[in-house]
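Visitor: Given next are the chains, with one letter for each unit.
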Amino acid sequence: MDIIHVKNLSKVYNGKVKAVDKISFNVKEGEIFGFLGPNGAGKTTTIKMLTTLISPTAGDAKVFGYSITREANKVRASVGVVPQQFTADEDLTGFDNMLLMADLYGISRKISKQRIIELMRLVDLESAVKRKVGTYSGGMRRRLELAIGLVNHPRVLFLDEPTLGLDVQTRTAVWDYIRKMKKDYNMTLFMTTHYLEEADSLCDRVAIIDHGRIIKIDSPDRLKASIGGDIIQLTISNEKADLKGVLKRVVGVKEVKRSGREYRLKVKSAETVAPKLMVLISSKGYKVTKLSMTKPTLDEVYLDYTGRSLREEETSSGDSMLQRRTMRLSRS
Amino acid sequence: MRNREVYRTTGKISLPHFFRSLWSLTNRDLKKWYLAPAILILSLIQPVVWLGLFGKAFNFGSIFTSSSFNIPGLSIPKSVLDSLGNTLLTQTFGTTSYFSFLAVGMLAFIVLFTSMFSGMSVVWDRRFGFLDKLLTTPVPRGSIVLSKILNSVIRALIQAAVVLVIAVLLGMSLSHISVVGVLITFGALFLLAFGMSSLFVLLALHSKDWQSVTAIANLLNLPLLFTSNAFFPVSAMPSWLRVIANVNPVSFAIDIGRNALIGIPSTMPIAYEFLYLGVFAVALGVISIILSWRLLKG
Chain F
21 MDIIHVKNLS KVYNGKVKAV DKISFNVKEG EIFGFLGPNG AGKTTTIKML
71 TTLISPTAGD AKVFGYSITR EANKVRASVG VVPQQFTADE DLTGFDNMLL
121 MADLYGISRK ISKQRIIELM RLVDLESAVK RKVGTYSGGM RRRLELAIGL
171 VNHPRVLFLD EPTLGLDVQT RTAVWDYIRK MKKDYNMTLF MTTHYLEEAD
221 SLCDRVAIID HGRIIKIDSP DRLKASIGGD IIQLTISNEK ADLKGVLKRV
271 VGVKEVKRSG REYRLKVKSA ETVAPKLMVL ISSKGYKVTK LSMTKPTLDE
321 VYLDYTGRSL REEETSSGDS MLQRRTMRLS RS
Chain W
66 MRNREVYRTT GKISLPHFFR SLWSLTNRDL KKWYLAPAIL ILSLIQPVVW
116 LGLFGKAFNF GSIFTSSSFN IPGLSIPKSV LDSLGNTLLT QTFGTTSYFS
166 FLAVGMLAFI VLFTSMFSGM SVVWDRRFGF LDKLLTTPVP RGSIVLSKIL
216 NSVIRALIQA AVVLVIAVLL GMSLSHISVV GVLITFGALF LLAFGMSSLF
266 VLLALHSKDW QSVTAIANLL NLPLLFTSNA FFPVSAMPSW LRVIANVNPV
316 SFAIDIGRNA LIGIPSTMPI AYEFLYLGVF AVALGVISII LSWRLLKG
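Residue numbers (the working numbering), protein chains in the order written: chain F, 21 to 352; chain W, 66 to 363.
These aren't lab readings, by the way, just hints derived from the structure by calculation.
Glycine included, every Cβ here is placed at the ideal spot set by N, Cα and C.
Be careful, since some hints might not be right.
Claimed, not checked - 30 Å max Cα-Cα, derived DSS-like pairs, lysine-lysine:
hint: 1; chain 1: W; residue 1: 273; chain 2: F; residue 2: 130
hint: 2; chain 1: F; residue 1: 288; chain 2: F; residue 2: 304
hint: 3; chain 1: F; residue 1: 27; chain 2: F; residue 2: 82
hint: 4; chain 1: W; residue 1: 121; chain 2: F; residue 2: 152
hint: 5; chain 1: F; residue 1: 236; chain 2: F; residue 2: 260
hint: 6; chain 1: F; residue 1: 150; chain 2: F; residue 2: 82
hint: 7; chain 1: F; residue 1: 288; chain 2: F; residue 2: 277
hint: 8; chain 1: F; residue 1: 296; chain 2: F; residue 2: 277
hint: 9; chain 1: F; residue 1: 304; chain 2: F; residue 2: 315
hint: 10; chain 1: W; residue 1: 143; chain 2: F; residue 2: 152
hint: 11; chain 1: F; residue 1: 48; chain 2: F; residue 2: 38
hint: 12; chain 1: F; residue 1: 82; chain 2: F; residue 2: 202
hint: 13; chain 1: F; residue 1: 244; chain 2: F; residue 2: 260
hint: 14; chain 1: F; residue 1: 27; chain 2: F; residue 2: 38
hint: 15; chain 1: F; residue 1: 133; chain 2: W; residue 2: 273
hint: 16; chain 1: W; residue 1: 273; chain 2: W; residue 2: 121
hint: 17; chain 1: F; residue 1: 202; chain 2: F; residue 2: 260
hint: 18; chain 1: F; residue 1: 315; chain 2: F; residue 2: 288
hint: 19; chain 1: F; residue 1: 36; chain 2: W; residue 2: 96
hint: 20; chain 1: W; residue 1: 273; chain 2: F; residue 2: 38
hint: 21; chain 1: F; residue 1: 42; chain 2: F; residue 2: 27
hint: 22; chain 1: F; residue 1: 150; chain 2: W; residue 2: 97
hint: 23; chain 1: F; residue 1: 236; chain 2: F; residue 2: 264
hint: 24; chain 1: F; residue 1: 304; chain 2: F; residue 2: 42
hint: 25; chain 1: F; residue 1: 236; chain 2: F; residue 2: 288
hint: 26; chain 1: F; residue 1: 150; chain 2: W; residue 2: 96
hint: 27; chain 1: F; residue 1: 202; chain 2: F; residue 2: 27
hint: 28; chain 1: W; residue 1: 97; chain 2: F; residue 2: 268
hint: 29; chain 1: W; residue 1: 273; chain 2: F; residue 2: 36
hint: 30; chain 1: W; residue 1: 273; chain 2: F; residue 2: 152
hint: 31; chain 1: F; residue 1: 264; chain 2: F; residue 2: 202
hint: 32; chain 1: F; residue 1: 288; chain 2: F; residue 2: 38
hint: 33; chain 1: F; residue 1: 150; chain 2: F; residue 2: 236
Claimed, not checked - What the simulated footprint calls covered on chain W by chain F, stretch by stretch (three residues with Cβ under 8 Å from a Cβ of chain F suffice, anywhere in the stretch; the number is not a length):
hint: 34; segment: 146-154
hint: 35; segment: 171-185
hint: 36; segment: 250-256
Unchecked claim - Examples of chain F residues toward chain W, derived with CB under 8 Å:
hint: 37; residue: 73
hint: 38; residue: 85
hint: 39; residue: 87
hint: 40; residue: 89
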């Protein structure tokens, strides 16, 4: 079942800048759907439209069948949002921040007090509940934002760059929290990211977005498979022997290149082909001295589809100010 | 899956939801004030300093009634001079105690200054993305703006109360003071604070940076104060200034306060003055809430 249904959604700023250009896609219930693209590609604009922060210039989208333009308040009540910035009030405690948000959703105090503790436990912030948010570390603040996003027990959670600026270790931890949240609350997740590993590790399906347009939507594995296959590099003991023809005949090998003792093979699946190659080479009386396998990354996929690597693009000064602030706070 | 049916947010705006959101948002801003003792004390010291230094330095009474005052060659008895001075003071200010006259002006002054910076937190909320986060919740939009107004109204009135207490301690005339008088005065101050806060919240919603908000506030605060009757009675002003002073809402609040607290006859019937302030407050409040719908949308 499609829980988000987007049709020809466009946003034009100041009558000329096409931030989002007629995008259409569906998000299935229960999946993690990722928007992958560089800064300025239109990811945040899309998420802002879907969460009713800004209205589209043209087109519409439905979340649980509610139109984001005509039934904005119903959409708001049923989704959760984790914005890119740290929005929690630094002068208040984590608990007070959560309570404020719960009040704004109209959740009764009896329910919200118990729910806040439960959510803070989920993100391991139980011990910091009564501390001012200003004293939290970057990772803690990100976790608090996640918990705040869940305060209305949404069925769809929107995450905008959920690990922006976090170090690798904290990032992996945040991914685990996101997976746990999704499982515990049986949610559908829509997220944006410009980190390839993040899209690869978390998302069931990824939409590659560039210049406001969706270029390709598929699962990370299929996207990677679509650009040709894995790479095996091996070195054998004998410099004179030419094994090119022999190796090419192995099932699953698509392409072989040789330079001296080194061979570079493009294969369908490195894990299954590599043992066969080893057996074949030793049966010919040679020894493999070195072997490496490379899986194609989403970076290569991105390169393949857009013609360039993921790069930083200029954003408006206000946005980049906020982004820098988030990144600075993330590292604290 | 946890039980999601315990509550059901329908997306409809209900009155209880509106008031609870309003109070939660107002309380969030107030907490920054009352949970930070340094800020609280500083914001209370400011009016005290103004009243103490300004109020005591500008002591017109001592000029006219001091014993050294005399005309050379004539030996006019001191009692005649004193009564002459007192008549002069009463005719100009409506009371012999200029300090009392000024103290009521100070109540309006502190209300005006506090209201003017009501817009600052709107700017910060926008800058840090808090406003955007609010807008993704089903909170009634009107309550966001109203909470900012209410926050500054509450602060302004509390500061005004402190000023009143200090004024009494420093020797403000108590001959006319009454509970009703105090209530009437604070009613007028409430309307003044509400209107001024609405105006500045509206201005802040228009701008993204705090510099322009402070610039506008600084541009307006002293002119608004000096074109009011805070320091001088309107009757002693030149006619062109009198025109401005007579439409300045600050003058109306002070006029009501002077009548209610120290018994100076008001220039117009109090009911009329209340009506003026009420229209001022309601009009600006309604405008800022209506416009906020449009301005809050990106």
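Visitor: All the hints need checking, so say for each whether the structure fits it.
Guide: Taking the hints in turn, this is what the structure says about them:
| no. | hint | verdict |
| --- | --- | --- |
| 1 | 273/W to 130/F | violated (37 Å) |
| 2 | 288/F to 304/F | holds (23 Å) |
| 3 | 27/F to 82/F | holds (9 Å) |
| 4 | 121/W to 152/F | violated (42 Å) |
| 5 | 236/F to 260/F | violated (45 Å) |
| 6 | 150/F to 82/F | violated (38 Å) |
| 7 | 288/F to 277/F | holds (15 Å) |
| 8 | 296/F to 277/F | holds (18 Å) |
| 9 | 304/F to 315/F | holds (27 Å) |
| 10 | 143/W to 152/F | violated (65 Å) |
| 11 | 48/F to 38/F | holds (27 Å) |
| 12 | 82/F to 202/F | holds (21 Å) |
| 13 | 244/F to 260/F | violated (35 Å) |
| 14 | 27/F to 38/F | holds (16 Å) |
| 15 | 133/F to 273/W | violated (35 Å) |
| 16 | 273/W to 121/W | violated (41 Å) |
| 17 | 202/F to 260/F | violated (57 Å) |
| 18 | 315/F to 288/F | holds (10 Å) |
| 19 | 36/F to 96/W | violated (43 Å) |
| 20 | 273/W to 38/F | holds (23 Å) |
| 21 | 42/F to 27/F | holds (8 Å) |
| 22 | 150/F to 97/W | holds (15 Å) |
| 23 | 236/F to 264/F | violated (35 Å) |
| 24 | 304/F to 42/F | violated (58 Å) |
| 25 | 236/F to 288/F | holds (21 Å) |
| 26 | 150/F to 96/W | holds (14 Å) |
| 27 | 202/F to 27/F | holds (26 Å) |
| 28 | 97/W to 268/F | violated (72 Å) |
| 29 | 273/W to 36/F | holds (22 Å) |
| 30 | 273/W to 152/F | holds (26 Å) |
| 31 | 264/F to 202/F | violated (49 Å) |
| 32 | 288/F to 38/F | violated (39 Å) |
| 33 | 150/F to 236/F | violated (45 Å) |
| 34 | 146-154 | violated (count 0) |
| 35 | 171-185 | violated (count 0) |
| 36 | 250-256 | violated (count 0) |
| 37 | 73 | holds (6 Å) |
| 38 | 85 | violated (13 Å) |
| 39 | 87 | violated (12 Å) |
| 40 | 89 | violated (12 Å) |
In this structure, the hints that do not hold are numbers 1, 4, 5, 6, 10, 13, 15, 16, 17, 19, 23, 24, 28, 31, 32, 33, 34, 35, 36, 38, 39, 40, in rising order.
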